[in-house]
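Chemist: Residues per chain are reported as follows:
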Amino acid sequence: MLHSFKKSALLGVLLALAVAPAAVPGAADAKDILLTGVKPDKIVMVDVKAREVIKTLEIPNAAPGNLTITPSPDGKIAYTIVNRWESVSGIDLDSGKEVFRADFSSGKTRVKAMFAMDISPDGKELFVFQSPVKLGLGEYEVQDTRVAVYNTADGIGAKPVRLMPAPRRTAVMSLSKDGKKLYLLNWDLTVMDPMTGAVVDVHKVRNWGRANFGEPDILDVWPQWETAGVFSTPYYVVRTDKSPDDPAAYKTGLLTLDLETDEFKMDGFEDTAVVIFSSVINPVRRNEAYMVYTTLSKVDMSKPLAERLVKRINLDHTYYAVNVSSDGTEIYVGGTMDDIAVYSTADLSRIGTIKMPDGGDQALSSLRLIQR
Amino acid sequence: MHRRNPSILPTLPVICVLLLGLLPAGPGAVQAQGADAASILNSRCAACHERTADGGLSRVEDMRKTPEGWDMAIVRMTIMHGVRIPAEERAVLVKHLADTQGLAPEETRDWRYILERRPNALDKAPDDDLATLCGRCHSFARVALQRRDAEEWRKLAHFHLGQFPTAEYQAMGRDRNWWEIVSTSVPDKLGKLYPLRTAAWTKWLDQDAADLSGRWRVAGRRPGKGAYHGIAAITASGEDRYRVALDLTYADGGTASGSGNAIVYTGYEWRARLNLDGESVLQVFTLSEDGRELSGRWFLEDLDSVGGNLRAVRMGPAATILAVEPAYLRGGTFGRIAIHGVGLDGEVDLGEGVEVTSTVSRSSETVVVEARATAGARPGARGVRVGGADAGGLFTVYSRIDSVRVEPDEAIARVGGAGGPLAAVPAQFEAVAYMNGSDGAAGTDDDQRIGVMPATWSVDDFNETAAAMKDSQYAGRIDMKGLFLPAAAGPNPERPFATNNAGDLAVKAVVNDAGRKIEGAGHLIVTVQRWNDPPIR
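As given, the protein sequences belong to chains A and B, one line each in that order. Just so we're aligned, residue 1 is where the first sequence starts under the numbering used here, counting upward by one. Just so we're aligned, residue 1 is where the second sequence starts under the numbering used here, counting upward by one.
Think of the hints as simulated: they come from the structure by calculation, not from any bench. Take these hints with a grain of salt, some might be off.
Stated by the list, open to error - Computed list of lysine-lysine pairs in DSS-like fashion (alpha-carbon distance at most 30 Å, straight line):
1) Lys311(A) <-> Lys97(A)
2) Lys242(A) <-> Lys189(B)
3) Lys251(A) <-> Lys31(A)
4) Lys251(A) <-> Lys517(B)
5) Lys470(B) <-> Lys311(A)
6) Lys134(A) <-> Lys470(B)
7) Lys97(A) <-> Lys39(A)
To be verified - Reference excerpt, derived from the structure (chain A facing chain B, CB under 8 Å, subset only):
8) Lys112
9) Val142
10) Asn151
11) Asp338
12) Asp339
Remember, predicted model here, so these are calculated numbers, not experimental data. Glycine included, C-beta positions come from ideal geometry on N, C-alpha and C.
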C-alpha cells in the first residue's frame, strides 16, 4: 500500500458513503483482523490496529483445541481443524454459527488431518491433508495419506468430493493465487493439479542435491502467506565439507515460494544460532522476512549473505506463529501461550500486546490475517 | 539444547503405568480365587482377539514378552481400547503369559538394565539405524525384550503410526522415510534378530522350577551409602510366591531390615516389594540357571534412581566369597579387611605381598582379619581365598592413586517437586580411584580400578553456554555423599526467558590420597520431568 494511512482512511470513508456499507474484502477501508484459536474450543477475532479482541466464537465439539485455521477468501468463514484433528469446522464469523462440518473418522477408519489445509481462491473447495488408519479387530493398518477435497457448500456433514493420494509427511499445503496449483510441503515441495491430484512438478528440497550440503530439514506447520502471497519457511542444513565441531557447518536458510509466479528459492542467511519455527514475508518490502520462536528475527534476503540477519531480539516467551500487517508496518507474534505481541517491522520495537480472553492458550493454532 | 527442546509435537502420551499388575500385594492377595488365565483371556480379550485354529487368541499368542512387557501391553489395552480388567485378573494374566510366553534368561541378559531401572544406563542397539528408528522415543531395550516374527513386528509398526500419527513428523522421523522403512525392512530385520521361536526358549520351557525357600547370604553396595552384607530368609507362600525377610549391615556399621513378598515369573524373574526400615523397596533380580544365585538391582519404589546392587547365594555346603570390604589396601599400610560369603572355613589368603597378621573374628559367613600390604607389593588386583573358596577381582593393592573417575560419567537428573505431581529425580555419583596401567597415562584402557573412595563434591557450569545461564547456581546442589539434588520444577523468573531450572553441569570429586588431591569430573544434565514413566522406559 503506497498511500498513507490518512489517505486510505479518507478514501475508506468516501467509499463507504458511495457504495454499500458492507465490508468489501480488499477494499481500502477494510481493517486487518487477526484470527487465532484458543484452547479448548474458541476462535478469537482481533482488531489488531486497535489492539482489541472484538469477538470470541465457540466451535462445537472442538476439544482439546484447534490446529490449522483457513479463512474463506471473503473473510467471512473460518475453517479450522478440531476434535483431535478428526474434523474440520467452518464458523461464520458474523453469526458465530457452525456452517460447515466434516467429520472424517468412522468406526472402522480413524482419519486425522495432519496440519495442512487450504481453500480455493473462489472459496468453493476446501483441501485437507489426511492420514487414515484402519481399525481392525485387534490390529491397526496404516493407510496411504491423501488430500480430501470438500465442497464448502455441502455445509454440515460434508463428505469429500475427491480423494487424491498425496505424499506422506505433508505439513503445509497452499493453493496458487489462480487456484491452478496445489503445493504440498513434505520432503520436497510437490506441485499437484488440484482437480486430478496429478503431480505436475516438484520443487526439490530434501533432494536439492547442492554440493557440500546435506539434506535440508524443515518442520513448519504454520500457514502464513496471505498478506504477501508468498509461502515461506526456515530450513536447516549441515555442510558436509566442514567438521561437525565447526559451528559454521550448520546453516539456517529461508525457503520462499511465490504463490502467484511459482518462483521458488532456498537461500541461507546465517550459521544456525537459534531455533526458528516459522516465518512470514513483508507484503511491501518483499525481501524482508520475520521469524519466531524464542527470538524474533528480521532478515533481508536482498543483502549480501553476511548482512542478511538485520536484527534479532529475545522474546518474553516462546511464540510459534508470526504474521504481518497488510501495510507491512507491524509484526504479530502468537501461538503457544495466551497473548499476541506486536512489534514494529522497522526496528523490532515492541508496540503492543493483545491478551487472549480467559488466558486461554493458542498452542498450535494458526495466526491468520483477514481483511474485513 | 535439551532445555529448549524445540519439539512441538506430542511424543508420548502422558501415562504413568505402575508396576501394579506385577508386584505381590500381600500374602495370598494376588492368588485370585476363581478366575484362571484361560477364562480371563476368554472374558476380557476374546471380543477383539479372535480364536485361532490352535485355540489361542490372535496376536496375543504370537509374541513373547517379559512380565513388565505383558503388564504394559494389558495396561495399553485398558487405556487405548477401553478394556476393563480388575487388578487381580490382570496379575493372573501377567503371570500366565510371562510363564508360558516369556523370554529365556539368555534372551534378557544384555537388556536387564532397563528392567532394573538403572539410572544412566546407556541404551544399546544392534546398529545406529535401529537406534534411531526404534530407540528415539523409548529405549531400544524395550524392543529387544520382545520376540515376534516379521509379520507381528510389522503389525507393531502399524500400531505405532496408527496411534501416534506425528511420529513421522518428528525430528529423526522426518529426516528419512520413517514409515516406509519401519513397515518394510525393519520388521524383517527384527524378525531375524528377535524371532518368536528360539532354541533357548524351547530349552528353558523344559527347565524344572526351582524352589527358592531357604536362607541366602547377600552382599552388595548402595552408591552413596556404601557396601553392605546380610542374610535373606525366603519362605514359600504359594506357587512361585515367597515371603522374604532381609537383615543388612552396612560397612559403616549401620543396619537395615525389613520384609515383604516376592513372585518368580518365567522360572527366574524375581520381583519383590519389601518394607525396609519404613522405605518401600522393589527388587528386580534374576535367578541363575542352577538356582543357586540371585542377582540384580533394588531401588526405592518412589525414587528409583536411588538403590543398590545385590548378589545372593544359597547358604549351604558350597563355599563362596561374595565381597571383600574394603576392597583395596595401599602398599605399606595396615588395614582391617572383612570377607563376606558362605562356608568361609580355612585359611585366609589375600594374595601376594599381603600378609594376614591376625584374625579379628570369624564365622562361616564373615571373616575379619588384620592385614598388611608390603611397601613394595606389586600394585594390582588379587585373588582372595578362604579355605576352598576363592574369588578374583574383589581386592586390589595400590601404590598411589593416579586418577579419579566420577561414575557415572554421564548422568541425568530431573527437576521436580514445587507442588507438582512429580518429585525431583536426584543423581548419585561415586568417586572411583584408578592406577595408571603400563602406559603410564591416566584415562586409558589399561588403567586399573582401585575402588570407590570418599570425596569432596562440587558442581560447576559444564560449558560457556551453561556459564552464561548460570546453570550451576540454579540447577541444584550436590552433597558430600555425591548425591545431586535438583532444584524445583517450573519456570524460574530469575532466569533469562524465565526458563526452568535445567542445567548442564560438570560434577567434580576431589579424593585425598595421603595428602595429594586428585580430581575427577563427570557430566550431569539436569532436565525436565519425565511425564511418562512406564515399567520399561
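Chemist: Each hint: holds or not?
Modeler: Outcome of the hint check:
1. Lys311(A) <-> Lys97(A): Between Lys311(A) and Lys97(A) the Cα gap is close to 43 Å, so the pair fails against 30 Å, i.e. violated.
2. Lys242(A) <-> Lys189(B): Between Lys242(A) and Lys189(B) the Cα gap is close to 34 Å, so the pair fails against 30 Å, i.e. violated.
3. Lys251(A) <-> Lys31(A): violated, 38 Å
4. Lys251(A) <-> Lys517(B): violated, 45 Å
5. Lys470(B) <-> Lys311(A): holds, 26 Å
6. Lys134(A) <-> Lys470(B): violated, 51 Å
7. Lys97(A) <-> Lys39(A): Cα-Cα ~18 Å, so holds.
8. Lys112: holds, 5 Å
9. Val142: holds, 5 Å
10. Asn151: violated, 26 Å
11. Asp338: Constraint on Asp338(A) not satisfied, violated at 14 Å.
12. Asp339: violated, 14 Å
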